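Colleague: If you want the building blocks of each chain, they are given just below.
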Amino acid sequence: MIKKLLTLPLLILVASFSFGQNATLKGVVKFKGEAPKPRLISMKADRQCDAMHGGKPVTAEDVVVNQNGTLKWVFVYVKEGVKGKYSPPAEPVVLDQQGCLYHPHVFGIMVGQKLEVRNSDPLLHNVHSTPKKNKPFNIGQPVKGMKSYYTFTVPEVMVPFKCDVHPWMSAYAGVLDHPFFSVTDDKGEFEIKNLPPGTYTIEAWHEKLGTQTQTITVKAGETKSIEFTFERKK
Amino acid sequence: MSQNQSKFHGLLFLFFFILGSIASVWVVLRNGWWLPELASDRETIDKIFVTIFIIAGILFVLSELALSYFIFKYAGDARRKAFYLPGTTKKEILWSILPGVLVVMILEISAEFLGGASIWGKIHGEPPKDAFLVEITGEQFAWSIRYPGPDGKFGKVDPKLISYDNPLGIDMSDEASKDDIVFPAGEGVLYLPLNHPVVLLIRSKDVIHSPFIPNFRVKQDAVPGMVTRTWFVPKKEGEYELACAELCGLGHYRMKSLVVVKPMEEVQEWLSQQTPAGDIYW
Amino acid sequence: MTGHEHSQVEVHHKEGFIRKYIFSTDHKTIAKQYLITGIIWGFIGMILSWFMRLQLAYPNQPIPLLEKILGGWAEGGILKPEFYTALITMHGTIMVFFLLTAGLSGTFSNYLIPLQIGARDMAFPVLNMLSYWVFFAASVVMLISFFVQTGPAGAGWTMYPPLSALKNAVPGSGFGTTLWLISMALFIVSSLLGALNYITTTLNYRTKGMSMGRLPITVWGMFVTAILGLLSFPVLLAGAVMLIFDREFGTSFFVPSGLVLGGQPVPHEGGNPILWQHLFWFLGHPEVYIVLLPAVSIVGEVLATNSRKPLFAYKICVGAIIGIGALSMIVWGHHMYVSGMNPILGEIFVVTTLAISFPTAILIFNYLVTVWRGSLRFTPGMLFALGFLGLFIPGALTGAFLATAPVDIQLHDTYFVVAHFHFTMATAAAFGMFAGVYHWFPKMFGRMMNDKLGKIHFWGTFIGVYLIFFPMFFQGIAGVPRRYYSFTEYNFTSQFIGLNKFITIAAFIAGAAQFIFLFNFFWSMFKGPKADKNPWKANTLEWQADSPPPHGNWGPELPVVYRGPYEYSVPGAEEDYIPQTASIKVEAK
Chain H
11 MIKKLLTLPL
21 LILVASFSFG
31 QNATLKGVVK
41 FKGEAPKPRL
51 ISMKADRQCD
61 AMHGGKPVTA
71 EDVVVNQNGT
81 LKWVFVYVKE
91 GVKGKYSPPA
101 EPVVLDQQGC
111 LYHPHVFGIM
121 VGQKLEVRNS
131 DPLLHNVHST
141 PKKNKPFNIG
151 QPVKGMKSYY
161 TFTVPEVMVP
171 FKCDVHPWMS
181 AYAGVLDHPF
191 FSVTDDKGEF
201 EIKNLPPGTY
211 TIEAWHEKLG
221 TQTQTITVKA
231 GETKSIEFTF
241 ERKK
Chain P
172 MSQNQSKFHG
182 LLFLFFFILG
192 SIASVWVVLR
202 NGWWLPELAS
212 DRETIDKIFV
222 TIFIIAGILF
232 VLSELALSYF
242 IFKYAGDARR
252 KAFYLPGTTK
262 KEILWSILPG
272 VLVVMILEIS
282 AEFLGGASIW
292 GKIHGEPPKD
302 AFLVEITGEQ
312 FAWSIRYPGP
322 DGKFGKVDPK
332 LISYDNPLGI
342 DMSDEASKDD
352 IVFPAGEGVL
362 YLPLNHPVVL
372 LIRSKDVIHS
382 PFIPNFRVKQ
392 DAVPGMVTRT
402 WFVPKKEGEY
412 ELACAELCGL
422 GHYRMKSLVV
432 VKPMEEVQEW
442 LSQQTPAGDI
452 YW
Chain Y
331 MTGHEHSQVE
341 VHHKEGFIRK
351 YIFSTDHKTI
361 AKQYLITGII
371 WGFIGMILSW
381 FMRLQLAYPN
391 QPIPLLEKIL
401 GGWAEGGILK
411 PEFYTALITM
421 HGTIMVFFLL
431 TAGLSGTFSN
441 YLIPLQIGAR
451 DMAFPVLNML
461 SYWVFFAASV
471 VMLISFFVQT
481 GPAGAGWTMY
491 PPLSALKNAV
501 PGSGFGTTLW
511 LISMALFIVS
521 SLLGALNYIT
531 TTLNYRTKGM
541 SMGRLPITVW
551 GMFVTAILGL
561 LSFPVLLAGA
571 VMLIFDREFG
581 TSFFVPSGLV
591 LGGQPVPHEG
601 GNPILWQHLF
611 WFLGHPEVYI
621 VLLPAVSIVG
631 EVLATNSRKP
641 LFAYKICVGA
651 IIGIGALSMI
661 VWGHHMYVSG
671 MNPILGEIFV
681 VTTLAISFPT
691 AILIFNYLVT
701 VWRGSLRFTP
711 GMLFALGFLG
721 LFIPGALTGA
731 FLATAPVDIQ
741 LHDTYFVVAH
751 FHFTMATAAA
761 FGMFAGVYHW
771 FPKMFGRMMN
781 DKLGKIHFWG
791 TFIGVYLIFF
801 PMFFQGIAGV
811 PRRYYSFTEY
821 NFTSQFIGLN
831 KFITIAAFIA
841 GAAQFIFLFN
851 FFWSMFKGPK
861 ADKNPWKANT
871 LEWQADSPPP
881 HGNWGPELPV
891 VYRGPYEYSV
901 PGAEEDYIPQ
911 TASIKVEAK
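These protein sequence lines are chains H, P and Y, in that order.
The first sequence stops at residue 244 when you use my numbering, and every number in between is there.
The second sequence stops at residue 453 when you use my numbering, and every number in between is there.
The third sequence stops at residue 919 when you use my numbering, and every number in between is there.
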């Protein structure tokens, strides 16, 4: 009897810590109004880049409105309310330079997590990161297959990346000291998993359209959906 | 000290300079290493260059041969004392100054009287009123290019307005800005009209750069905080390379742009197909 | 007016090792310290150039050995472009300032001035010691900058702002540039201390009979060099301090308003980058002659001694050296024809620049006449002196192209310039230095250097230098810009891929020849045959002292001078040389 009495709360405790307790935050970022015409990037001045795209212009990734009227490349993260410490995963985040473009355009990374910047083009790229709180980073990668590693030491939203040789190339990294972030995809959707129950301020960040915040409360085991809507600034 | 008096070194000097000169001429002619093909109106530069090249070449061969010959001929000999020539008489002093005067005069003549001063004045003087205007702005490590559009006037720029969307910081409240045609850094091509004076306005956003078009004999530093200018007339249709000639950082070696020279009508047509600034920036 | 005379004979007392070899106030020891530090820097600078040549010959091809040596700067065996710009910067700085200014001037001014004018030491021996140790401190700071995480300074040895002023402009513009500026400031202080000493000593410490008109050409060269340094180095010191202020304390001497670097606005406003160029080249051009004049004067001395002939038209030569020195202060603008400087200034600098070729041509012609009908003795020192002429001639002649402003539009910042200054001031000055080392080694260390090795060294270097730099003229004519990390990117530069490999091989051969010198130098210092007082049968005073001269140089009596320094092969004399101390009368017809 005593044994039973003891095991029950223990079971609940174990279960709640492993999966039951944490919530999932899902959602979509919508774009209201007429989608702007995508800006074209001409790579004519660098013949090698131009050739990789068959001489066709490439669309810029600054404002990408998906087919279903949602917005791509929005960084959604928990701005306030996270308690406790989280250690970064061992595997690095990869920022690839391919076809004279950054892949991905927007990404999240944890403080202390390795960022691998890779050059998949047979030409010089230079990775010029200009954070405000972290240490700036400016390094040349003249040859295909080169990799550089970098770690951030302080949370910072967002850290811009630029290639000075191909000024149209840009990427943004959201640096956080917890793993609760996500980037919207081709359907405008995002998902933040394993969020402990509590009240949080969620921010959605877009490089051109600014930021929006919502305060939400999640309960243990809940899957919550929220929605952001951005508008074209005039 | 007999080993220090042999003819060996003199022979080696002679051998080296004669063989070296012949080999250089042969290699250079065979590979055609020379000034890049001239495609602008700056033929005076080539003329002065060639003149100095010939004079300097002759002086080079003569003086190196004289030096080598002296080394060969006057190698020490126990039986012969050196010729005592202190160079203190008036005649000797005259002889010592004369070659210097000659060299300088030859150089001055070639440099100045072949039109050196006049082309320098022309390059830095007022360009013709109907000249074709282009603005080229350097930044690490690419060139932005701006055409003034149909009104022939560039809109005002203000560095405070520079952003990702407005890489040159064009003030859109200025009427002259609306029809400007802007190519952000690395995305533009320099389209220039054939046989028509072109004025290049040169600016820089960050450090010193220097647009250099070897075929045009054009080079002028892009100095941050200043607008520098140069003008020339493209004389040959075709595609040329524009390079950066002033160290600007790690990507200096590939800070390039494409220059395309086409007849005026084609350039105008191409320009009319481009989107003016007023329709892009929002 | 024969200057100061020591009234008391200095008594030699035994000194400890530290006083004798490290913190010594003896001008001869200080000269050796400069020489050995200079040689070390020379080898460092040369090895840096090997890395550059490897990159230019084999762009984008991994060389695993490079990663072993350079670590992160050559990950995967490929040199990083930002390290390449650091390499050119450090190679230039080290070679121009640390080897060819401190190593050359520091060595020979210190060694020769007191000995050749018959003094016991410098006017200010402690200041002299201080000068070396400040230079040593500058060396240490410069060396430390190699180990900074973002690497050594990378804006070129000319340090043009804003590239050097904005800390994010290139990785080397970070802490590396701060160290560069500190090191240069120290270096300038050291040069000024040295220059003060050389000038004062030359003016006041000449022995009895040593009038200015009897000074060896070397002392004249060093004297004019010191004056040039004293007048022009402070300007760079001011510039360097201003640049430090721009970088650290938010002033804007050289950074204009409205700059945007890497997408970020720059807070500075109101400066002008061309101001730095004026300040830099106001030193920078005299600096060329600070490097060249000691070499030229050493060459004159070595040529006269080994041709067994008087230096032709000594007075004109001295006049030419003074003329070069004076004119060198007003030609700096020829580095700035395309800088955006007022074009009228450009015209003026064309004239002054062409004018400086006048004394230069006279000097070189006089040297040629000195060799003419001589009785040449091919010591390694003599070969290097002749080699100097062989290198300086193409260097000086190509100066005419660059002096002419319109032609400079095409050639500015191309390999033509690289070839030009390597012939005139770099290798020619190095040849002058080698000539000096081979010539005065017996006096310095009391032993002879190996003659055969010296000659092999000469021919390896002379041919090597020509093979390296002569083709670069043609690269420059074709428009190949300098300071490029690789030449694969443009059609007009990629035609020289094969030539670049050739130049690199030549650079390695010429470099290897320097190791022969290194071996010869240190081996002879301990194992070479003992040298006589006057192994070259030369006239100047130092050859009357012991080899090596003791502390205080002379015995109880200072030498007395009766004649000029170049009375070689005087008709009617018994020997083909008459030392300056000989009081005999010889009537020359």
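Calculated directly from the structure, the hints in this document are not laboratory data.
Where hints are given, some of them may not hold.
Said to hold, decoys possible - Derived lysine to any residue pairs resembling SDA-like cross-links, with alpha carbons at most 20 Å apart:
no., chain 1, residue 1, chain 2, residue 2
1, Y, Lys831, Y, Phe804
2, H, Lys42, H, Val193
3, H, Lys218, P, Pro434
4, H, Lys197, H, Val228
5, P, Lys327, P, Ala347
6, P, Lys252, Y, Thr508
7, H, Lys145, Y, Thr508
8, H, Lys218, Y, Pro595
9, H, Lys145, Y, Pro865
10, P, Lys261, Y, Leu698
11, H, Lys54, P, Trp441
12, H, Lys93, H, Lys218
13, Y, Lys831, Y, Thr355
14, H, Lys157, Y, Phe804
15, H, Lys157, Y, Tyr907
16, H, Lys142, H, Thr163
17, H, Lys157, Y, Trp463
Stated by the list, open to error - Chain Y side only, calculated, beta carbon under 7 Å to chain H, not exhaustive:
no., residue
18, Pro411
19, Gly422
20, Gly593
Values in this document were obtained by computation on a predicted structure and should not be read as measured data.
The beta-carbon is built from N, C-alpha and C at its ideal position, and this holds for glycine as well.
Colleague: Has the given pair, H/Lys93 with H/Lys218, been kept, meaning a C-alpha gap of at most 20 Å?
Modeller: With a Cα-Cα distance of about 30 Å, the restraint between H/Lys93 and H/Lys218 is violated, given a limit of 20 Å.
Colleague: Taking 20 Å as the top limit, are the C-alpha atoms of H/Lys157 and Y/Tyr907 close enough?
Modeller: 69 Å, violated
Colleague: Taking only the CA atoms, is the gap from Y/Lys831 to Y/Phe804 under or equal to 20 Å?
Modeller: 15 Å, holds
Colleague: Taken at face value, is the distance from the CA of Y/Phe804 to the CA of H/Lys157 at most 20 Å?
Modeller: Distance ~37 Å between H/Lys157 and Y/Phe804 Cα, so the pair is violated.
Colleague: Straight-line Cα separation of H/Lys197 and H/Val228 no greater than 20 Å?
Modeller: 24 Å, violated
Colleague: Tell me if the straight-line CA distance from P/Lys327 to P/Ala347 falls inside 20 Å.
Modeller: 8 Å, holds
Colleague: Below or equal to 20 Å on CA atoms is what counts here, so check H/Lys145 against Y/Pro865.
Modeller: Roughly 63 Å between the alpha carbons, so the hint for H/Lys145 and Y/Pro865 is violated.
Colleague: Is H/Lys218 within 20 Å of P/Pro434, Cα to Cα?
Modeller: Judged against 20 Å, a Cα distance of about 40 Å means the pair is violated.
Colleague: Is the interface hint satisfied for Y/Gly593? The criterion is a beta-carbon contact with chain H at less than 7 Å.
Modeller: With a closest approach of 6 Å, the Y/Gly593 hint holds.
Colleague: Under the criterion that the straight-line Cα-Cα distance not exceed 20 Å, is the pair H/Lys54, P/Trp441 satisfied?
Modeller: With a Cα-Cα distance of about 14 Å, the restraint between H/Lys54 and P/Trp441 holds, given a limit of 20 Å.
Colleague: If you draw a straight line from the CA of P/Lys252 to the CA of Y/Thr508, is it 20 Å or shorter?
Modeller: 59 Å, violated
Colleague: Does the alpha-carbon distance linking H/Lys42 and H/Val193 stay inside the 20 Å limit?
Modeller: 19 Å, holds
Of the numbered hints listed earlier, those contradicted by the structure are 3, 4, 6, 9, 12, 13, 14, 15, 17, 19.
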